[in-house]
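With the hints as constraints, model all of the structure from the sequences given.
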Amino acid sequence: MASERAGAAIEVETALARARHTIDEFVDQPDGSVSVAAFHSAGVAFFPLLLRGRAGPGRPRLSLDEDVAHFPRLTRDYDLVLAHHLNQAPQWPRAVTVTTLLREPLDIAMPADHPLAAKRRLTPRDVADQPWITVHDGFPLMATIDAIATAANRRLEIVHRINEFAVVAEAVAAGGGLALMPRWTTRRHPALVLKPLSGVHARRHIDVLHRPERAARRAVRTVLTELQRAAATIQSQDINADSDATSSPAAKT
1 MASERAGAAI EVETALARAR HTIDEFVDQP DGSVSVAAFH SAGVAFFPLL
51 LRGRAGPGRP RLSLDEDVAH FPRLTRDYDL VLAHHLNQAP QWPRAVTVTT
101 LLREPLDIAM PADHPLAAKR RLTPRDVADQ PWITVHDGFP LMATIDAIAT
151 AANRRLEIVH RINEFAVVAE AVAAGGGLAL MPRWTTRRHP ALVLKPLSGV
201 HARRHIDVLH RPERAARRAV RTVLTELQRA AATIQSQDIN ADSDATSSPA
251 AKT
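When you number the sequence shown by this note's numbering, it's gap-free, plus one each residue, and the end is 253.
Mixed in with the good hints, there may be bad ones.
[Stated by the list, open to error] Straight-line C-alpha distance at most 20 Å; calculated SDA-like pairs for lysine to any residue:
| # | residue 1 | residue 2 |
| --- | --- | --- |
| 1 | K119 | D238 |
| 2 | K119 | R103 |
| 3 | K119 | H136 |
| 4 | K119 | V167 |
| 5 | K119 | V44 |
[Stated by the list, open to error] Computed Cβ-Cβ distance ranges for the label pairs, DEER-style:
| # | residue 1 | residue 2 | range |
| --- | --- | --- | --- |
| 6 | I158 | K119 | 21 to 29 Å |
| 7 | P131 | Q228 | 36 to 44 Å |
| 8 | P115 | R59 | 30 to 38 Å |
| 9 | R121 | A216 | 40 to 48 Å |
Since the hints were made in silico from the structure, they are not lab data. Glycine included, C-beta positions come from ideal geometry on N, C-alpha and C.
Following this line, the structure appears as structure tokens:
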């Protein structure tokens, strides 16, 4: 009987050792699969930079997806989630780990021949009497639109509601109105200029969210580092950072 128990104990210890070894291999695997979800404009800006240099052994295998559902909830299904929010928005839940990639300015987009295009910077009073193209109610950028109206002490004339920045850019270029556009993560439109806005806090945070246990994997940590490098590359392309007057991104959200 004693020998049977001893044999069973050895089998259990052996199984546990194998399980620990399997877990260690999984955690330390440099070329493990890493899933990344992003909202549209972050995907446009970050996904190409992540995909470059993927060839060769020992690199994480990426699985990319575009999703704009409730961001913290997505961390259940993805290793890393690119999310955005404004300063006015509630903080992310404590259950997720947050790494800020960018604090991106939101500029005023207009046709290059618009009378306001001659100004270096704009104020809420400069733009309050113009027709506007905005996102639908409930989307984060509306908080900045409301702040502009409050600072100018007048209601803005909203003539179009479009959530897709690529479509917004074309509508602005056609003279449909002014719009808020992210400075760094949208593609440049040749017919538009972007002007910085004074008098309101016009920035959005682009963060990476993940559950703490996800970062135990080496491959996930590698991709998180690559996202931080990509963010530095994206921000470095702001050729007018010193003057804070940008002449034009415009594309998708």
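- Could you see if the CB distance from R121 to A216 stays within 40 to 48 Å? 46 Å, holds
- Query: Keeping to a limit of 20 Å between CA atoms, is the pair of K119 and D238 held or broken?
  - Reply: 19 Å, holds
- Query: Does the hinted range 21 to 29 Å hold for I158 and K119 at CB?
  - Reply: 22 Å, holds
- Distance restraint evaluation - P131, Q228, Cβ atoms, bounds 36 to 44 Å: 39 Å, holds
- Item | 20 Å limit on alpha-carbon distance, applied to hinted pair K119 and H136 | 28 Å, violated
- Item | Hint consistency between K119 and R103 [alpha-carbon to alpha-carbon, up to 20 Å] | 24 Å, violated
- Query: Measuring from beta carbon to beta carbon, are P115 and R59 in 30 to 38 Å?
  - Reply: 51 Å, violated
- Would the pair K119 and V167 pass a check requiring their Cα atoms to be no farther apart than 20 Å? Violated, at about 25 Å.
- Message: Against the 20 Å threshold, does the CA-CA distance of K119 and V44 hold or violate the hint?
- Response: Outside the cut-off at roughly 29 Å; violated.
Comparing the model with each earlier hint shows violations of hints 2, 3, 4, 5, 8; every other hint is respected.
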